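Each chain, letter by letter, is given below.
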Amino acid sequence: MHELAVAQSLLEIVEQEARPYSGARVTWIKLRIGHLSAVVPDALRFAFDAITRGGIAEGAVLEIEEVPLKILCHQCDKAFTIDDPFMVCPQCGGSDVEMVSGRELEIRSMEICDGD
Amino acid sequence: MEIKLVKDILAANEVIAAQNKAFFTEHGVYVVNLMGSPGAGKTTLLERTIEGLKVRRKMAVIEGDIATSRDAERIAAHAIQAVQINTGGECHLDGNMVRGGLGELDFDGIELLVVENVGNLVCPAEFNIGEDVKVMICSVTEGDDKPLKYPLMFQVSSVLLLNKLDLLPHVEFDLERFRADALKVNPHLEVIPLSCKTGEGLDTWLRWLEESSATEGV
Numbered sequence: 001m002h003e004l005a006v007a008q009s010l011l012e013i014v015e016q017e018a019r020p021y022s023g024a025r026v027t028w029i030k031l032r033i034g035h036l037s038a039v040v041p042d043a044l045r046f047a048f049d050a051i052t053r054g055g056i057a058e059g060a061v062l063e064i065e066e067v068p069l070k071i072l073c074h075q076c077d078k079a080f081t082i083d084d085p086f087m088v089c090p091q092c093g094g095s096d097v098e099m100v101s102g103r104e105l106e107i108r109s110m111e112i113c114d115g116d
Numbered sequence: 117m118e119i120k121l122v123k124d125i126l127a128a129n130e131v132i133a134a135q136n137k138a139f140f141t142e143h144g145v146y147v148v149n150l151m152g153s154p155g156a157g158k159t160t161l162l163e164r165t166i167e168g169l170k171v172r173r174k175m176a177v178i179e180g181d182i183a184t185s186r187d188a189e190r191i192a193a194h195a196i197q198a199v200q201i202n203t204g205g206e207c208h209l210d211g212n213m214v215r216g217g218l219g220e221l222d223f224d225g226i227e228l229l230v231v232e233n234v235g236n237l238v239c240p241a242e243f244n245i246g247e248d249v250k251v252m253i254c255s256v257t258e259g260d261d262k263p264l265k266y267p268l269m270f271q272v273s274s275v276l277l278l279n280k281l282d283l284l285p286h287v288e289f290d291l292e293r294f295r296a297d298a299l300k301v302n303p304h305l306e307v308i309p310l311s312c313k314t315g316e317g318l319d320t321w322l323r324w325l326e327e328s329s330a331t332e333g334v
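Going down the list, the protein sequences come from chains A and B. Numbering-wise, the numbering used here puts 49 at position 49 of the first sequence, and it's gapless, one number per residue. Position in the second sequence (first residue = 1) + 116 = the numbering used here.
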């Protein structure tokens, strides 16, 4: 349940970014979460709702895009989207691979509007 | 109005982890982040490691737990500096919590610091603390399906210790399948089966730790 810690870090970023716009409320937040990251979207939403009550991000929608796990095989010089978390090339079976995506825990954008 | 920003949500932790790392480098300390489920044998492994290595390496320990100082007391009984960090409910240690523990230790002459993370196969994998190496410990009683169920932990670790090898005849655990799956998840993983009870395999682990802390440490 480290979603609470992630939610807290997210709220800190959101509050900091919104600070120049005094009185603004945060209504929408876009996130990208990698398939391999250990964060459960529903648990993150639950935690975020709980800690934002009474603050500028209360009621903000968390739009979460799940980023697939993708690896690049250096031998085949080709990228593959994979379901199982195996760092093995599905084409040549080699392990000279690099993870291209799947571990993201990113905030991409946020929507703010006037407070009144 | 939309504000565009591409930011790692855990960036703040990464900054603190990097500061910790700079502190460790400056003090010439090699740091191991030891992770694993509750009951896998983290503290027992630490005790065996201290017994086996303390004449050759000056060690200190940071113990992370949700509550109690029992583990730090176990370690302190081996005449090693140990500080307990209670996370108060958090399921992992982060850079900031570890930083809070650093002031409690005297790093003069310390060569090796082992940070025992909170017992958990999920959350600690996401948080760097400024370590040189992540080591995970699993035990045969947990089942051989763990690499597929908790891939991130296996992926971020450099060493996988498989503990309680003495119990292998008594449990359903396919060692080869476990090893094969772990290596598919992380082909660079160093897999070391051992038993903290009988001592089997401990030499291999101690040799690995001694060598890696000699080459990568300052």
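Each hint should be verified, as a subset may be incorrect.
Said to hold, decoys possible - 27 angstroms max Cα-Cα, derived BS3-like pairs, lysine-lysine: (1) B/K300 - B/K265; (2) B/K174 - B/K137; (3) B/K170 - A/K70; (4) B/K300 - A/K30; (5) B/K300 - A/K70; (6) B/K123 - B/K137; (7) B/K174 - A/K70; (8) B/K313 - A/K70; (9) B/K123 - B/K174; (10) A/K78 - B/K170; (11) B/K313 - B/K174; (12) B/K170 - A/K30; (13) B/K313 - B/K170; (14) A/K30 - A/K70.
In case anyone wonders, no lab produced these hints; they're calculated from the structure. All values derive from a computational prediction rather than experimental measurement.
Status of each hint after checking the structure:
1. B/K300 - B/K265: Roughly 13 angstroms between the alpha carbons, so the hint for B/K300 and B/K265 holds.
2. B/K174 - B/K137: The hint holds at about 18 angstroms.
3. B/K170 - A/K70: Between B/K170 and A/K70 the Cα gap is close to 43 angstroms, so the pair fails against 27 angstroms, i.e. violated.
4. B/K300 - A/K30: violated, 32 angstroms
5. B/K300 - A/K70: Satisfied, since the Cα-Cα distance of roughly 15 angstroms is no more than 27 angstroms.
6. B/K123 - B/K137: Within the cut-off at roughly 22 angstroms; holds.
7. B/K174 - A/K70: violated, 42 angstroms
8. B/K313 - A/K70: Cα-Cα ~41 angstroms, so violated.
9. B/K123 - B/K174: violated, 39 angstroms
10. A/K78 - B/K170: It is violated: about 48 angstroms lies between the C-alpha atoms, which goes past 27 angstroms.
11. B/K313 - B/K174: Given that 27 angstroms is the threshold and the Cα spacing comes to 24 angstroms, the pair holds.
12. B/K170 - A/K30: violated, 50 angstroms
13. B/K313 - B/K170: OK: B/K313 and B/K170 at ~19 angstroms, within 27 angstroms.
14. A/K30 - A/K70: Given pair A/K30, A/K70 holds - Cα atoms ~21 angstroms apart, limit 27 angstroms.
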